[in-house]
Amino acid sequence: MQMTNKKQQIKQLARKYFVEQKAKEVFLYSIFAAAFVFIPYWVGLLVEKWFGYISKFFDDFF
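In the numbering used here, the protein residues as written are 1 to 62.
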């Protein structure tokens, strides 16, 4: 009886650890996905803004 109880405890701990690991992985993957979606968008906005400034500078001085 004691042995099966111990096995059940080990199974519960393993299941809990596995679920926590999966939750951490999903959280990290969602952060990476958001970064890969939004960082190019922000870089594009910055580049567009700076090209606007650069073209305005050249229009004014040349």
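Take these hints with a grain of salt, some might be off.
[What the hints assert, rightly or not] Pair ranges (Cβ atoms, derived):
| hint | residue 1 | residue 2 | range |
| --- | --- | --- | --- |
| 1 | S55 | L28 | 38 to 44 Å |
| 2 | F36 | Q8 | 55 to 61 Å |
| 3 | K7 | L45 | 37 to 43 Å |
| 4 | P40 | K11 | 26 to 32 Å |
| 5 | F58 | E20 | 39 to 45 Å |
| 6 | S30 | G52 | 31 to 37 Å |
| 7 | Y41 | N5 | 53 to 59 Å |
| 8 | K7 | A33 | 34 to 40 Å |
| 9 | I10 | S30 | 27 to 33 Å |
| 10 | Y17 | F38 | 27 to 33 Å |
No wet-lab data here; the hints were simulated from the structure. As the structure is a computational prediction, the values presented were derived from the model and not from experiment. C-beta atoms are modelled at their ideal positions from N, C-alpha and C, and glycine is treated no differently.
Results of checking the hints against the structure:
One distance hint, 38 to 44 Å for the beta-carbon pair S55 and L28, holds here, with the actual separation near 40 Å. Under the hint 55 to 61 Å, the C-beta atoms of F36 and Q8, about 42 Å apart, miss the expected range. Under the hint 37 to 43 Å, the C-beta atoms of K7 and L45, about 57 Å apart, miss the expected range. Separation of P40 from K11 is about 44 Å and departs from the stated range, judged on CB atoms against 26 to 32 Å.
At roughly 56 Å, the beta carbons of F58 and E20 sit outside the given window of 39 to 45 Å. Checked against the hint of 31 to 37 Å, the C-beta distance between S30 and G52 comes to roughly 33 Å, which is consistent with it. Under the hint 53 to 59 Å, the C-beta atoms of Y41 and N5, about 54 Å apart, fit the expected range. Checked against the given bound of 34 to 40 Å, the beta carbons of K7 and A33, roughly 38 Å apart, stay inside it.
For the pair I10 and S30, the supplied restraint of 27 to 33 Å holds, since their beta-carbon distance comes to about 31 Å. For Y17 paired with F38, a C-beta distance near 32 Å keeps the hint of 27 to 33 Å intact.
The structure shown violates the earlier hints numbered 2, 3, 4 and 5.
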